[in-house]
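Participant: If you read the protein sequences in the order shown, they are chains A and B. The opening position of the first sequence corresponds to residue 1 in full-length UniProt numbering, with each subsequent residue numbered one higher. The opening position of the second sequence corresponds to residue 1 in full-length UniProt numbering, with each subsequent residue numbered one higher.
Simulated from the structure, these hints should not be mistaken for lab results. Keep in mind that this is a model prediction, so the values were computed, not measured. It cannot be assumed that every hint is accurate.
[Said to hold, decoys possible] Residues from chain B that keep clear of chain A, each with C-beta distances beyond 12 angstroms, as calculated: (1) S6; (2) R20; (3) V41; (4) R55; (5) D62; (6) A106; (7) P126; (8) V127; (9) T151; (10) V172.
[Stated by the list, open to error] Not the full set, but computed from the structure, chain B residues with beta-carbon under 8 angstroms of chain A: (11) S69; (12) P70; (13) S81.
[What the hints assert, rightly or not] Calculated from the model, a selection of chain A residues having no Cβ within reach of chain B, i.e. all distances over 10 angstroms: (14) A23; (15) L43; (16) S78.
Note that beta-carbon positions come from the ideal geometry of N, C-alpha and C, so glycine has one too.
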Amino acid sequence: MASLIPCPHCGPRPKEEFTVRGAVLPRPAADAPVEEWQAHVYLRENPRGDYAEHWHHSGGCRRWLVVKRNTATHAVHSVTDAAEGRP
Amino acid sequence: MSNAVSALAGRSYSGFSTVREAGLVGMVTLRGDLESPELAVAVLAATGCAVPAQRRRTVAGDWSVCWMSPDELLLVGPYASAPGLVDQLTAALAGQHALAVDVSDARASFRVSGPKAAEVLMKLCPVDFSALEADEVRRTRLAQIAAALWTSGPEEYSLVCFRSVASYAFGVLENAARPGSELFSG
Chain A
1 MASLIPCPHC GPRPKEEFTV RGAVLPRPAA DAPVEEWQAH VYLRENPRGD YAEHWHHSGG
61 CRRWLVVKRN TATHAVHSVT DAAEGRP
Chain B
1 MSNAVSALAG RSYSGFSTVR EAGLVGMVTL RGDLESPELA VAVLAATGCA VPAQRRRTVA
61 GDWSVCWMSP DELLLVGPYA SAPGLVDQLT AALAGQHALA VDVSDARASF RVSGPKAAEV
121 LMKLCPVDFS ALEADEVRRT RLAQIAAALW TSGPEEYSLV CFRSVASYAF GVLENAARPG
181 SELFSG
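From just these sequences and the hints, can you work out the full model?
Facilitator: Encoded structure:
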C-alpha cells in the first residue's frame, strides 16, 4: 500500500496516521431496492489498478479524504477533502 | 470548587531525556470558520494571539493557539483562566457557527526535554523531526494513541493526548527515554 499520503491539510503523512473506510461509491436512493443497498454496503470489486477510497486522517486533521491510488503500483494520484465540491 | 488534579500529578522521569507530565494546563478547543474575521477578532481579544496559519502555532504571553484542522484550534494557557476564556469566546462569537469548549480536564499534557528529546519522540511517532519547524504543530500517533506535539522551547517538546491514555503515554515515553537507548551517538 502507498506509504506517504499527501494530505491536503497536513502535507505528506505516513499511512499509519490514516484509517481506510473503503471504496468511494455513489449512494443509492433511500428507497432503492434492498438488493441495491446490499450491493452498495457489501459487494466490492477489489480491482487491480486505479481505485478511489475514503480515508480518514484519524491521526491528523481528522478530515475525511478521497484518496485515488493504484493498487498495483502503489502510486497515489490525488488526495482531496471529501467535502470539497459539496454545497 | 473541587480540587483539580492533572492526570498523573506531575510525574516525571529522567533518562537520557527528561519526561514530565506538565500538571494542570488550560486547553480550549475552538471550532468554527478559521477564515472568518469575527473569529480572528475573538481569538485575538481573548488570547492576544493571531489565528495561526495551517499547521502553525502562535504565541502571545500566557496563551498559545495551535492549528488542529481546517476548522479547529486548540488554545493552550493557564488552567484557571480556561473557563473564563470559553465564556469570553462564546459571547464574542454569538450568532456565528462556532463552538468553544474547555477541554483542560479531558487532556493530558507532557514535556520532553533535553538535548536528545527528539530521539525519544522519533521512536514513537512517524514524524521527520529534522523537518519539523519551530512554529509547527504536528498531530500524529504516539505509539498506538493519537497525540499532538510542538516545539515549546530550546530542546523541549510539548505533547498533548487524551487524559484516559495518559499513563500509557507516560509509559511509552519513559521507556523510550531509558539511558543507553539513544538512537545516535555523540
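Participant: Take the hints in turn and mark each one as holding or not.
Facilitator: Tested hints:
no.: 1; hint: S6; verdict: 24 angstroms, holds
no.: 2; hint: R20; verdict: 24 angstroms, holds
no.: 3; hint: V41; verdict: 24 angstroms, holds
no.: 4; hint: R55; verdict: 7 angstroms, violated
no.: 5; hint: D62; verdict: 26 angstroms, holds
no.: 6; hint: A106; verdict: 15 angstroms, holds
no.: 7; hint: P126; verdict: 4 angstroms, violated
no.: 8; hint: V127; verdict: 9 angstroms, violated
no.: 9; hint: T151; verdict: 17 angstroms, holds
no.: 10; hint: V172; verdict: 15 angstroms, holds
no.: 11; hint: S69; verdict: 4 angstroms, holds
no.: 12; hint: P70; verdict: 6 angstroms, holds
no.: 13; hint: S81; verdict: 26 angstroms, violated
no.: 14; hint: A23; verdict: 24 angstroms, holds
no.: 15; hint: L43; verdict: 32 angstroms, holds
no.: 16; hint: S78; verdict: 18 angstroms, holds
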